[in-house]
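Peer 1: Each chain, letter by letter, is given below.
Number of protein chains: 2
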Amino acid sequence: MTPSEFGTLDPRIPVVAVDVAVFTVLGGELKVLLVRVKKRPYTGIWALPGGIICSDESLEEAAYRELAEKTGLKSVYLEQLFTFGDVNRDKTRRAISTVYFALVNAEGLKLKTTEKYAGMEWFSVKKLLRLAYDHANVVRYAVKRLRWKLEYTNVAWSLLQRAFTLTELQSAYESILGKKLDKRNFRKKILLLKLLTATGNMKRLGAHRPAELYRFKTRKPVIVKVL
Amino acid sequence: MTPSEFGTLDPRIPVVAVDVAVFTVLGGELKVLLVRVKKRPYTGIWALPGGIICSDESLEEAAYRELAEKTGLKSVYLEQLFTFGDVNRDKTRRAISTVYFALVNAEGLKLKTTEKYAGMEWFSVKKLLRLAYDHANVVRYAVKRLRWKLEYTNVAWSLLQRAFTLTELQSAYESILGKKLDKRNFRKKILLLKLLTATGNMKRLGAHRPAELYRFKTRKPVIVKVL
Numbered sequence: 001m002t003p004s005e006f007g008t009l010d011p012r013i014p015v016v017a018v019d020v021a022v023f024t025v026l027g028g029e030l031k032v033l034l035v036r037v038k039k040r041p042y043t044g045i046w047a048l049p050g051g052i053i054c055s056d057e058s059l060e061e062a063a064y065r066e067l068a069e070k071t072g073l074k075s076v077y078l079e080q081l082f083t084f085g086d087v088n089r090d091k092t093r094r095a096i097s098t099v100y101f102a103l104v105n106a107e108g109l110k111l112k113t114t115e116k117y118a119g120m121e122w123f124s125v126k127k128l129l130r131l132a133y134d135h136a137n138v139v140r141y142a143v144k145r146l147r148w149k150l151e152y153t154n155v156a157w158s159l160l161q162r163a164f165t166l167t168e169l170q171s172a173y174e175s176i177l178g179k180k181l182d183k184r185n186f187r188k189k190i191l192l193l194k195l196l197t198a199t200g201n202m203k204r205l206g207a208h209r210p211a212e213l214y215r216f217k218t219r220k221p222v223i224v225k226v227l
Numbered sequence: 001m002t003p004s005e006f007g008t009l010d011p012r013i014p015v016v017a018v019d020v021a022v023f024t025v026l027g028g029e030l031k032v033l034l035v036r037v038k039k040r041p042y043t044g045i046w047a048l049p050g051g052i053i054c055s056d057e058s059l060e061e062a063a064y065r066e067l068a069e070k071t072g073l074k075s076v077y078l079e080q081l082f083t084f085g086d087v088n089r090d091k092t093r094r095a096i097s098t099v100y101f102a103l104v105n106a107e108g109l110k111l112k113t114t115e116k117y118a119g120m121e122w123f124s125v126k127k128l129l130r131l132a133y134d135h136a137n138v139v140r141y142a143v144k145r146l147r148w149k150l151e152y153t154n155v156a157w158s159l160l161q162r163a164f165t166l167t168e169l170q171s172a173y174e175s176i177l178g179k180k181l182d183k184r185n186f187r188k189k190i191l192l193l194k195l196l197t198a199t200g201n202m203k204r205l206g207a208h209r210p211a212e213l214y215r216f217k218t219r220k221p222v223i224v225k226v227l
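Heads up: the sequence lines are chains A and B, in that order. Numbered by the working numbering, the letters in the first sequence go through residues 1 to 227 in order. Numbered by the working numbering, the letters in the second sequence go through residues 1 to 227 in order.
Pulled out of the complex, with its shape left as it was, chain A reads as follows:
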């Protein structure tokens, strides 16, 4: 059964959808990838890319499929974030949506526009427009969770180049947190988390003193172990 067949059912029966919140840092700002909806009643309004799951795929498979179909993005690491199920979150019917999120390096990323949408753009999370469905709420929640993850996980691995200076890392953290951090304090705390390892190489930038290059010990999700 295909998603479109689900759509013909009694609108009180919940349909199960997935939506994907893809974040990046561009121009020192945390941005989220949105698509412009064509179909009513949300025509012309921006939303997260997503859609209804097919009967023969898992939620995760549906999230990867929807992201690839709607934005062209592949090989992006998706993590399940939260499932939104309030009764009136979609004006047209009862829809449950499991939201996946990703933090990507936008450099060299291949986005494709599809006929399904009227457009696709990165939007600063600071000045979000009115979004379709409950997606403004979803994005706010995703940003909160992403900021939390900076505190106790290596979530930034997928945003940065393989090797980076602590200044570059701090800059990424500041963009995501939306605030400046004290340089000495940041260095001390980030190294205490034991998520990083020094590469032994230096980065030389013009007349500046060369800066040590670090990398994440693991380029897949891990959490800080304290106990």
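Since the hints were made in silico from the structure, they are not lab data. Note that beta-carbon positions come from the ideal geometry of N, C-alpha and C, so glycine has one too. Just to be clear, a hint being listed does not mean it is correct.
[To be verified] A few chain A residues that face chain B, going by a derived Cβ cut-off under 7 Å, partial list only:
| # | residue |
| --- | --- |
| 1 | G85 |
| 2 | K189 |
| 3 | L227 |
We have chain A already, so just place chain B on it with the hints.
Peer 2: Using the frame of chain A, we list chain B on its own:
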């Protein structure tokens, strides 16, 4: 529309369910609350309490309702954990389940048995039987996430009395983690997380030196802030 009406639909259409993983510490062991299923094909097999959502309630409302109906538990703090949506996780039909979890103090907890189930018991997570649906997998994942939460949140607040000694807290942590922790190291690290505050009162236990009583600064979920 009631849950039973959903059940009559085409089995390929996903139904949306909630399941609740309630954990406690009893006899020094982490335990999970299970109910014994009556209906086929899982007759006699243990499972997490849960059920299909109604059309007029949110996922969270459904989780609280199911928990109260099936176990008698109310006033328990539930947190959304994860949504399980693999295609064959339920033998009888396509079912998506959003799992909520709780960590409770089992002392004085009022459990009720209902006709819907053949029994209800606390099971040690160490020796889990074969469970219905994908619930063995769900419980394993919930235990992993609960253990992670000990590292960076105040999740234990709902398990402990309002005031407790560091020895009592360490004992709770050890039961959940399933391993012994070094006393000095535990005290140092737990205080560094800044989740606790000293009450100024002491607990006297027989001939032992009185121990300082602590409490969690907040009795609702918070995460450790590092940056």
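Peer 1: The structure should be examined with respect to each hint, and the outcome stated for every one.
Peer 2: Against the structure, the hints come out as follows:
no.	hint	in the structure
1	G85	holds (4 Å)
2	K189	holds (5 Å)
3	L227	holds (6 Å)
No hint from the list above goes unmet by this structure.
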